Amino acid sequence: MIVGERKPLQEILKAVEKYEKVLVLGCGECVTVCMAGGDKEARETALAISLARKKAGKAVEVESHTVERQCEFEFLESTRKGVEAADVIVSLACGVGVQTMNMHYQDKLTLPGINTTFMGLPVQQGVWMENCLGCGNCVLEETMGICPIARCSKSMLNGPCGGSQYGKCEISKDVDCGWNLIYERLEKFGKLDALAEIKPPKDWSTTHSGGPRKMVREDVKL
Amino acid sequence: MSKVKNNAATLLPEYPPCQAGCPINTDVQEYVRQIAVGNHTSALEAIMKINPLSAVCGMICAHPCEDECRRKDVDGAVSIRALKRFAVENGSWPEVKKVETSRPEKVAVVGGGPGGLMVARELAQMGFAVTVFERTAECGGAVASYIPHYRLPMEWLRRDVAQVAGLGVEIKTGTELGKDFSIDDLAKDYQAVVLAMGLPVSRAIPIPGNNAKGVMLALPFLHDAKFNGFKFEPGRRVIVIGGGNVAMDVARTALRCGAKEVKLGCLECREEMPAFEWEIEEAIDEGVEMFPGWGPKEITLDGSGNITGLEVQECLSVFDEQKRFSPKLGDTCQLVDGNTVIFAIGQGNDNLSYLKEFGIELTERGIIKFDARTLQTTRPGVFACGELVFGPGSAVKAMSTGRKTALAVKAHLDGVPFDADKVEQFTTFDGLSATTIEKVKLVERVSVPLLDAKTRKTHFEHAETGYTEQMALCESRRCMDCAAGAECIDELCAVCLTCLRTCPYGVPSIDENGIFTIRNVECQACGLCVGICPASAIRFRNYYAQASLDRLEEAVKSAQQNGPAAVVFCCSYGAFAEQSFLEYLNNGRPANLAVVRVPCVAKVEVVNMLQALELGAEAVFVAGCEQEEECSYRDVAKWAGQRVMRAKEIIAELGLAQERVEHLNLAPDEVRNFAQTAESFLAKAKNVAEIGGGGESK
Amino acid sequence: MIAGSNLEKVLKSGAFVVTGELGPPKSAEGEKVEHHAEMMREYVDAYNLTDNQTAIVRTSSIACGAMLVHMGLDPIIQITCRDRNRIAIQSDVLGAVALGIKNILCLQGDHAKFGNEPQAKNVNDIDSMQLIRMLKNMRDEQVFAGGEKLEAPINILIGAVENPFADPFEYRAYRLAKKVEAGIDFLQTQAIFDMERFERWMEKVRELGIHKKVPILAGVIPMKSLGAARYMKNNVSGMIVPDEVLERMKGAANKKEEGIQICVETIEHLKNVEGVAGVHIMAVAWEEIVPEIVTRAGLLPRPKF
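Protein chains in written order, with the numbering used here: chain A, 1 to 222; chain B, 1001 to 1698; chain C, 2001 to 2305.
Treat the hints loosely; a few may be bogus.
What the hints assert, rightly or not - Below 30 angstroms or equal to it, Euclidean Cα-Cα: the simulated DSS-like pairs (lysine-lysine) are:
| hint | chain 1 | residue 1 | chain 2 | residue 2 |
| --- | --- | --- | --- | --- |
| 1 | B | Lys-1179 | A | Lys-55 |
| 2 | B | Lys-1356 | A | Lys-58 |
| 3 | A | Lys-7 | B | Lys-1356 |
| 4 | A | Lys-55 | B | Lys-1557 |
| 5 | B | Lys-1356 | B | Lys-1179 |
| 6 | B | Lys-1638 | A | Lys-58 |
| 7 | B | Lys-1179 | A | Lys-54 |
| 8 | A | Lys-168 | C | Lys-2250 |
As the list claims (entries may be wrong) - Counterexamples of contact, computed for chain A against chain B with all Cβ distances above 12 angstroms:
| hint | residue |
| --- | --- |
| 9 | Leu-13 |
| 10 | Cys-27 |
| 11 | Glu-29 |
| 12 | Val-33 |
| 13 | Cys-34 |
| 14 | Leu-47 |
| 15 | Glu-68 |
| 16 | Met-119 |
| 17 | Asn-137 |
| 18 | Met-215 |
Unchecked claim - Covered by chain B, per the in silico footprint, the following chain A stretches (three or more residues, Cβ under 8 angstroms):
| hint | segment |
| --- | --- |
| 19 | 93 to 104 |
| 20 | 163 to 173 |
In case anyone wonders, no lab produced these hints; they're calculated from the structure.
Just so we're clear, the structure is a prediction, and the values are computed from it rather than from any experiment.
Note that the Cβ used here is the ideal one computed from N, Cα and C, for glycine as well.
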């Protein structure tokens, strides 16, 4: 799922400082699950804004609301009243949601309240980890289900590099060396000779590098 | 407990097992919870709402609720009856207001025992004028006449009866149906009659010697001991025949009446004896010598007709395969030594043949012919309830029949049909699953204090001394709030599984089909899940915290009028439920300290802490019970601490001092010394306000 | 001869090879490069020119390489995958060869977070293995990565780096074999302080017969101070500095001398390790000490062709 983290409150406060009526809009999907922008966080953020503005002596009216999914126009429609009453909207959805809001409510500005970071999973409660970069050409079959693009800091296809030590990446001991994980899995399945194959350079044109992407299913178009 | 609560939880078709198991469906969970949070009067109110004999039941109820309590599978049922007693003794009894009659009809109730009193009360509350005709000098039935004083001091019964009278029920004592007035007499003035005369006659067994002097019957004996100060002459060696509760009462009363020794025999083997287990044990402790599994054959006499003993025959089995009473005796006999015999083998009704001429038919066995669905006798408008028609049973069972009979009477007077089978049955759900049982924190059941056997057997003073405040608080906290806890609001749930991982009891789970569900009937109602759910998608069926949290704004505003305000979110159990703490809250607390009590600080969310600050509090403290010894839940201190940590992070980002939110884990003595602890809270609040965590409104 | 560089000639002669390393400055002061290179003339057979090593911006490796060519010296330019995509790399290679550069060392490159531009994008369009193969194809098949033909062939000696001190250890010799398969002509290793581990790696390398296929130049670094030793031990990923070595530096009265001594001893030992074809001296920020090390290690005179 998409993972994000709430922006520093000072940044949000600065972004709304000239507004008097703020709507904080949460989203009921990914950002709820990763605890960045669900209903709970929307209410917390609204209270934080109100508290900070009270302390600064500059009154503000803050409402908070959460929609099922901010990247669906129909769900956004359900919050029209609150949007129209507000001067600005702070969305706690991922970048997709923020942009959908701006597409749907063109006359209002929806600002981002979180930094959308990666696609990943909760490896334990409270810890989310990136493991997919959406490269558009999945080769997980070749690396025993461990992505070398997302989990190797250098996105190598013929890793590991010389910086891998004790199973960790050179950039941090909190980051596993993706290629070490691949190696161990290959070893477990008795397929280490797969490493001898020299993988050719990746076709990056299927990633965003090739331009913003679309996916179309003709058979379900109205 | 109404099934729908303030945040519109879904209707659960079933009731907690205690409430379902109570013959009158008392809201047990409600009063136990009120005791647990120190609201003794609210507890009493909840009891009295349903039960007109609250004090009586608090002392002697057979407590079928405890038999159903799901805690029995963990570490022992909650000691509900003793808690009821605690509420009765410690709550403020309300001033009863007369209920104005709103119906022209009048109802006569013959018999002022538990069944009759319940009918009378119910009908009075429905607006009918009711008169109770009681044969003896005071109401109470078997409870008044026969229950020994050491089990139920009479003043408690009198208080209960006074509550009923206070509603406007007219009570006429010393007047007997069949002697002083007839059914037809009643029919002149009353539009419905309820017969509730109970089973006041002691039965005996027709064995040789049963007419000798020195042979006594249970009920007259108990009555004499209770009201006439009966005492045995020295040297009486008593043999009680019977294995039920009345037999136990007889045996223990005999001791107190000065019997030199008391033996008790019955057909049933020890495990099958029908008396309550605790009655049997208390009797044994007091020195009653039991010889179960023997049937009475002959009362042996000497030449002068004095009793020398009881010959008994081995009883091999009491019930046949169809569970019918059909004793099978063996060949072995023995002679039990003694010079007094008291029969306590069961009770029956008076001779009711006088009713026949008034259209009330009897069966061949002399019992009233009774329709179990209309609850009427063969004479229209004449109803019956209690032991008279349902057979021997407890006071609460008699009351449950009385409650239905009141409904039947009302239907009759309304001119609509009535079917007892259609009255709502309180169904319940299954017992706790094995996995939950494993995870519940073990807290031993607090045994109800009794005077020691040696002392108590010498007098008729109340043998049980009842729970102290500490005991009651500890015991009531063992209630697991069955089905009062979490349920998932599907429309909001993102199925993130945070609750599943956080819950210490495994309540949210994924079934074998991969479907996520919050198994409400396993929930312990601690509230950790509600606090951590990122989608605010969990609600409680009974969210007692809501009322307190809703009053936060008012509490802060009020506190602020007296200086820089601080808010304490604290638990409402344990030491926080002691009267001394409540006294502190009401009278001793500094006026600028707002205290919000919630049942377990697991329910305090980061949002609540921020709300308090946003409303203008200078500092917020989350004070929970000391985790290991005191708290009956798990992991609370950890999560409360982490939530406070998160609140600190947020306010630090806003430029406010982190010390404005703190987490405290208080041992009971620290709670008792709350004044001191509070002083340091307020000092901190004042500090922060002066340092200027931002411009505050004054 | 593949490229005909001095390095290649010394390698082919069977003599114990000595290569040195120059870190370009953080300026356009070419004279500094020339000065250090001049210092090492006669003491080394070829000169590595690092490519924004540790992700720190320095004068480009190829530009420095051109300067050395002009001075009549034999540069080994380094190309990392971190800063350029395949288009730029291939273009740079053509330029390098046009400027007379003959030796190219292929590396993945330290992550940008270590350097002075931590916010820069890590390009990593290709990895070091693919870089080696790409250069080999440019040289032997005369073909670009995208498949188009070069207009004329290029002659380059292709090198790479392996690290016996990285993990998984069991794989490291095989990785060298893979680089040989990809097309390297020579190898330089990461600096050796843990001789025991290096020897275990060499054992495996020999077992796989790699030492016969490709000359292996063992890396060494003279430690200038205790601080430098500690830094390498704790802050450089992929390096192992055993405690005993650190203790030696701690206990020494003259740290510099001890550092040189350890380096010289290491080289002496390496001369006798089967499969080691030479030594690569990385006197980082201490280029001036190279002549002394080479002299004391008995590596003079350097062969002339």
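Against the structure, the hints come out as follows:
no. : hint                     : result
1   : B/Lys-1179 to A/Lys-55   : violated (84 angstroms)
2   : B/Lys-1356 to A/Lys-58   : violated (89 angstroms)
3   : A/Lys-7 to B/Lys-1356    : violated (88 angstroms)
4   : A/Lys-55 to B/Lys-1557   : holds (17 angstroms)
5   : B/Lys-1356 to B/Lys-1179 : holds (14 angstroms)
6   : B/Lys-1638 to A/Lys-58   : violated (37 angstroms)
7   : B/Lys-1179 to A/Lys-54   : violated (83 angstroms)
8   : A/Lys-168 to C/Lys-2250  : holds (29 angstroms)
9   : Leu-13                   : violated (8 angstroms)
10  : Cys-27                   : violated (9 angstroms)
11  : Glu-29                   : violated (6 angstroms)
12  : Val-33                   : violated (4 angstroms)
13  : Cys-34                   : violated (8 angstroms)
14  : Leu-47                   : violated (4 angstroms)
15  : Glu-68                   : violated (8 angstroms)
16  : Met-119                  : holds (16 angstroms)
17  : Asn-137                  : holds (30 angstroms)
18  : Met-215                  : holds (24 angstroms)
19  : 93 to 104                : violated (count 0)
20  : 163 to 173               : violated (count 0)
Comparing the model with each numbered hint stated earlier shows that hints 1, 2, 3, 6, 7, 9, 10, 11, 12, 13, 14, 15, 19, 20 do not hold.
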